Amino acid sequence: MTPAYPRVVPCGDSAMSVEFGDKVDADVNQRVIALDHAVREAALPGVVECVPTYRSLLVHVDPLAVGHAKLSLALARLARDAHAGTTRRRRWRVPVVYGGDYGVDLEELAALHGLSPGEVVELHAGSVYRVYMIGFMPGFTYLGGLDSRLATPRRTTPRKSIPGGSVSIGGAQSAIGSIPSPSGWQLIGRTPVRCFHPGRDPVFLFEAGDEITFERVRAARWKRLAARSEAGDVVAVCETG
Amino acid sequence: MTGLRVVDCGTGTTVQDRGRFGLRRFGVSTSGTMDLESAALANALAGNPPETACVEFQMAGGRFVVEDGQATIALSGPDCMLRVGGNSVPDGCSARGEPGDVIEVGPVRSGVFAYLAVGGGFDLPRMMGSLSVHRRSGIGGRALARGDLLPFKAPERGKLSRIEPAAAFAGPIRFVPGPQHDHFEAAALEVLAGNPFFVRPDSDRMAYRLDGPRLLHKAEPNIVSDGVLAGSIQVPGDGIPTVLLRDCQTTGGYPKIATVVSADLGRLAQVAPGGIVRLSSVTLEEAVEAARDSAERLRARIAAVRPVRSEPTTESLLGTNLVDGVTDGR
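Line by line, the protein sequences give chains Y and E.
Heads up: the first sequence begins at 1 in my numbering, then just goes up one per residue.
Heads up: the second sequence begins at 1001 in my numbering, then just goes up one per residue.
One or more of the hints may lead you astray.
To list a few chain Y residues with every Cβ distance to chain E over 10 Å, as calculated [as the list claims (entries may be wrong)]:
1) Asp13
2) Ser14
3) Glu19
4) Lys23
5) Leu57
6) Val104
7) Val128
8) Ile134
9) Glu239
10) Thr240
Now the stretches of chain Y that chain E is said to cover, found in silico as 3 or more residues with beta-carbon under 8 Å [said to hold, decoys possible]:
11) 3 to 11
12) 136 to 144
13) 158 to 170
14) 197 to 209
15) 221 to 235
Source of the hints: derived by calculation from the structure; they are not laboratory data.
Keep in mind it's a predicted model, so treat the numbers as computed, not measured.
Backbone N, C-alpha and C fix where the C-beta goes; we use that ideal spot for every residue, glycine too.
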C-alpha cells in the first residue's frame, strides 16, 4: 500500500520527518528543498534545524519547546504548498581529473560497461547533476543525474580510506567526497574543490538543490588548484541560475 | 599557562559539551555528551552551567596534573573513583586542585561514561560553535592523549559543593514506533519490546548494536536514505537493532523500526557491552511527558547541590599564609 504523500511521520519526541515519496526523484527532491526554505521562513517555534534528504525533510525539534500536534499540522500545510521549481538554484562548475591515480576504478568500470575510459568520461562530464543531499560525512555530496549507462554497483569490499575530493559512482548515483573516509563507491576522478574546509568562509560549498557540472582538467592544473583550495579558495565556479 | 596536563588516559577520552547544532544539513554530526545528566551534575558540582564542556571518559579513567593555577574539580558518572593530590574525593563532592596535584580518575566500574568538570570550564577554541570532539570526522579535534593541556578558563579557587546520592531512575528504555516500522514483519515491534537485548562489544559513541532475537524485514532491508538522529533504531540486513547515538551520521539508508525517547538516551549509553537492555513501546505523548519529567528531575537534582565549607588542607593553608605574609610586608 502506498501512503498518501506528503505525510508527516514522528521520529520519537525530537524529530519529525516530512516525506514526499520513497524514490530517488528530482521532483520529489525539489519539493523537499522547497519545504526546507518554507520552514526556515516560517520560523516555527521549537524547530532546532532541518535536514533535507532525497525524499524527505527531517525536522529536528526541542521536545520541551514544541507542540508536536500543532507543529505536525503546520508542517503538513507547508508541505502541501511546497512545489518543485519554486526555489532559487545555484549551478557550480567543478574541475576534475578523471582516471589514473586520480580515479583508480575508471578503467575497470569502463570495461564492465563495454565502453572506453574516454567514453565514460564524456558521459560523466556531459551531464548536469543535482545535489540531492549532503550526508555520510561533513560535506559529502550525493548527486542525482548520472547517465544510466554508467550505473555501477558498489565494490564488494569497501576501501578503508579514499582520498578527499573523490568523484565516484555508487549504483545510480554519483558523489563528490569531502574528507578521507571509508567507501565502497567506484572512484573515477578527483576534484581539488573542497566541499568542506573548516578554515574557509563558507565552510561548506554545496547545498541540497544546487546543480553541478564537471569540467575536465589536467593533473598540472589540478595541483595548482589544490594548492589554492588548501589555502581557502573556493576554486569551483558558481553561477546563480 | 594554567590547566590540566594529561599524564595518561583511555583512547576514548574526549572533550564534550552539549554538541554542535545547526550543521546536520551539511553532514556534521552533533556529537556531544553521551550522558548529559551526568555531565550536567559534574558541572553543577564545579559551579558551572550544565552544558559547559567536560572531559568524557569511556570505560577507562585517566590521570592529569594541575599546572599552575587552581581549579574546582568534580566528577560524575556511575561508580567511578576520583583522587585529587592523593586524597580520595567522596562521591558527589567537588574538590580543589592545587598546582602539581595529580588528578586521578578511576575506570568506570558499573557503566560506560564519566565526566570531569573544572570550575569555569576549559579555555579551548570552539569549532563551528562547539568544543565537542567527533573522532570520525576530526571535527572538534581528536581524543585526548599524553601531554595534551586543557587550559583553565578561570584558574582560581571556587566554592566546593556536594550533593546527596539519589536513586537512579530505573525501568525499560522506551521507544516510539516508527518512522519505518511498516517495513518490518508485524511481530517485529513486539519482539523488540518483549525480549531482553544485550549491548554488543562493537558498540561505540556512534551506535549501540543489540544482541537478541533478530528483527525481520518484510522485503528489501534498504530504503532511499533519509534523516536519522540519536535514538533512531535502524535495522540493517542482519536484523540487529542498532540504536544511533550522539556521534551518528546525519542520514542513513536502513529502515528505522522505532526511535528511543530522548529522556532515555543517557541511561542507554551507560549500559556497558554485555549489559542487558529491556525496551518498551510508548506513545509520542508519553515520550514528550518523559522528556519533561527527565528535565524536571535534572533541575531538581542540580538545585540540590549545596555549598560546603572547605576543610583547608596543609598545602592550601601554607599557600594562604604565604600570600598573607607578602601582603603584610607591604
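Here is how each hint holds up against the structure:
1. Asp13: The assertion about Asp13 (chain Y) is violated, with a minimum of 4 Å to chain E.
2. Ser14: The claim breaks: Ser14 (chain Y) does not keep its Cβ more than 10 Å from every Cβ of chain E (closest is about 5 Å).
3. Glu19: violated, 8 Å
4. Lys23: violated, 6 Å
5. Leu57: Since the minimum Cβ distance to chain E is about 8 Å, Leu57 (chain Y) lies within 10 Å and the statement is violated.
6. Val104: At about 23 Å from chain E, Val104 (chain Y) clears the 10 Å cut-off, so the statement holds.
7. Val128: holds, 21 Å
8. Ile134: violated, 5 Å
9. Glu239: Non-interface label stands for Glu239 (chain Y): nearest chain E Cβ at 21 Å, farther than 10 Å.
10. Thr240: Its Cβ never comes within 10 Å of chain E, the nearest being 19 Å, so this holds.
11. 3 to 11: Three-residue rule met by the region 3 to 11 of chain Y, so holds; n is 3.
12. 136 to 144: holds (count 6)
13. 158 to 170: That given contact is violated, which follows from only 0 residues of the region 158 to 170 of chain Y lying within Cβ reach (below 8 Å) of chain E.
14. 197 to 209: It holds, with 5 qualifying residues against the three required.
15. 221 to 235: violated (count 0)
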